[in-house]
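There are 2 protein chains.
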Amino acid sequence: MEHGADLLTYKDKFEGELIDFSSNINPLGPPEGLDEVLINSFKFLVAYPDIQYRHLRESIAKYLGACKENILVGNGAVEIIDDFIMKSGSVTVMLPGFSEYEKRAIAHKKEVYRLYYNDDLTINMDEFNNLEEGTLLVLGNPNNPSGLRIPKNELVKIYKLVKKAKAYLLLDEAFFEFCPDDYNSVELFKEFDYESVGIIRAATKFFALPGIRLGYGCASKKKVIELQKSQLPWSVNALADAAGQHIFNDKKYIEDSKLYIEGERNFLLTELPKIKRIKVYPTKTNFILIKLLNCNEKYVFNFFLSRGILIRKCSSFKELEGDHIRVAIKSRENNMKLLYIFKELSKGEN
Amino acid sequence: MEHGADLLTYKDKFEGELIDFSSNINPLGPPEGLDEVLINSFKFLVAYPDIQYRHLRESIAKYLGACKENILVGNGAVEIIDDFIMKSGSVTVMLPGFSEYEKRAIAHKKEVYRLYYNDDLTINMDEFNNLEEGTLLVLGNPNNPSGLRIPKNELVKIYKLVKKAKAYLLLDEAFFEFCPDDYNSVELFKEFDYESVGIIRAATKFFALPGIRLGYGCASKKKVIELQKSQLPWSVNALADAAGQHIFNDKKYIEDSKLYIEGERNFLLTELPKIKRIKVYPTKTNFILIKLLNCNEKYVFNFFLSRGILIRKCSSFKELEGDHIRVAIKSRENNMKLLYIFKELSKGEN
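In order, the protein sequences belong to chains A and B. For the first sequence, the numbering used here begins at 693 and goes up steadily by one. For the second sequence, the numbering used here begins at 693 and goes up steadily by one.
Rather than coming from a laboratory, the hints here were simulated on the basis of the structure.
For chains that are exact copies, the list does not tell them apart, and a pair is met inside one copy or across any two.
Each computed BS3-like pair below joins lysine-lysine, with the alpha-carbon atoms no more than 27 Å apart:
id: 1; residue 1: K921; residue 2: K1010
id: 2; residue 1: K990; residue 2: K921
id: 3; residue 1: K760; residue 2: K882
id: 4; residue 1: K705; residue 2: K760
id: 5; residue 1: K795; residue 2: K760
id: 6; residue 1: K779; residue 2: K1010
id: 7; residue 1: K990; residue 2: K1039
id: 8; residue 1: K943; residue 2: K844
id: 9; residue 1: K779; residue 2: K921
id: 10; residue 1: K844; residue 2: K855
id: 11; residue 1: K990; residue 2: K966
Input sequences plus hints: build the corresponding full structure.
Okay, here's the thing in structure tokens:
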């Protein structure tokens, strides 16, 4: 399996508790009051969740400023991406990007087309000139692992090229809330009634609830009805359903988290470039891609692991050749530890 | 949507709390101590579940008397059935049966072949003589909605015909634990190393946890590896993962529930046939299919609804022509209420 957060595999490699920099979760933890909401919802476990998730979809619609009829829910972002892939003619991915897009396409026996980021992992608009008719173009926004948020003007251009090609644009915005408030694609595409575009988000990363499995999508009302017909029933569990009716209302938590990550991102983006022999990619979100200029990811992975920190090797991202790692942005205390080990690593190489 | 348990749709139709006879859940509720297990597991929500669900699969393996490597887990039985369907050449269903099999086959654009139960809803072995090579034959055991448990000798014969046709037999045993201890297909097919056969069960019905979304399957080690490759990642939520490491150990609960249902089944199968103008199908599980001899399901559905009881109309099961209903077996108090309304119904028809 090619994902971060595989703590169970590595827990015996270090005496003491591993600090997980391999998965990109809000270091502030979930919103307050969630435990109480969950305890009060135990009574719902003895019944099926509402098969239409009416209250949950209303809560998400209110949070997004969309209509309930534009909202799909699922077992994490990945299940909703899978729902779109299942109904697509073919799948177009951009590399390096999240491996699950291609994996799901292959699981559904879909043709996969591959486009490429520039060497500095920015977008080359020429890549979108020959999109296949009917293809589902899946773009991480911000992209995982690079942290690139698609600039607004480029996103609008891509959308126009997608429409022209009679294709469909699927934006995976699982890390949206960590980004600066430059634009919001749910607002941006509202005037087009989400024709040919879907936006996926989740409680997983920003609300620090990867274990609860709650993702959602915003798309045209027509697309939502089409996808609901082939969705698995009841894939959001009753407690995730209840949590989703609580967390999106916590404006203070959302604001605090955004500010906290902004502060730590600025801190790491100031300090990390001072380390020798690594290249730090700019990021707009809560993780940072790092190119190792003279050692391989395996050596660095083990170097950090033996010091109690789990980082993400990136060779499972196609186009990253074994010399990239990804680290999450965590609490100041943990970020300092990370920096300390980076300094040790760079010393060892003198 | 064509399922029971849609309480939210009907709750305004009756002043007071509806009694849900439309979904077939253990009336004793979930095992004791579950709340505590869940509360102690809230801390796991901030991390992804183990992508391989190692502890959960071990717990299920122990419960079933199989190896961990034979076990698949998923978001309810339906997701695992979907995993099998996705990898199948075609899908063969038996009617009347659970509509989701055919629906998932259609979602995956699989050819669907239909076989038929006898008029009395028993099995006609001739139906299995011309199985398509590579087809996935999905059989409810016990079957929903009829309650028929496939007799052991017939099951072995079907398995042999499936092997001969180079097909695959998938047994949906979501209601297994409610049945008498005549045989256990996990034991029965162990000697064949589960070659060409998979068995699906779930926490949903017997452990009264439809809201938690926990299903599991037992298949050959080779099949498990094959299916894991195309399964959605992390589809069992962290609390369901924890619950699954608890509930299967509760031997007393399991024994008590089996005895309770047996008692209530005997009670209803003695009392219901005394009602005029209905035909009661024999059942080996916790629900009962009833044929209405001179009124339609809609009338009867509304008759019960207006008296606070939600029953299951069966016209969404192909081959049942609008004159069948299904009722769950519940607590003695509720079963008495059900009988009382049946008597009222039969009086009204005099």
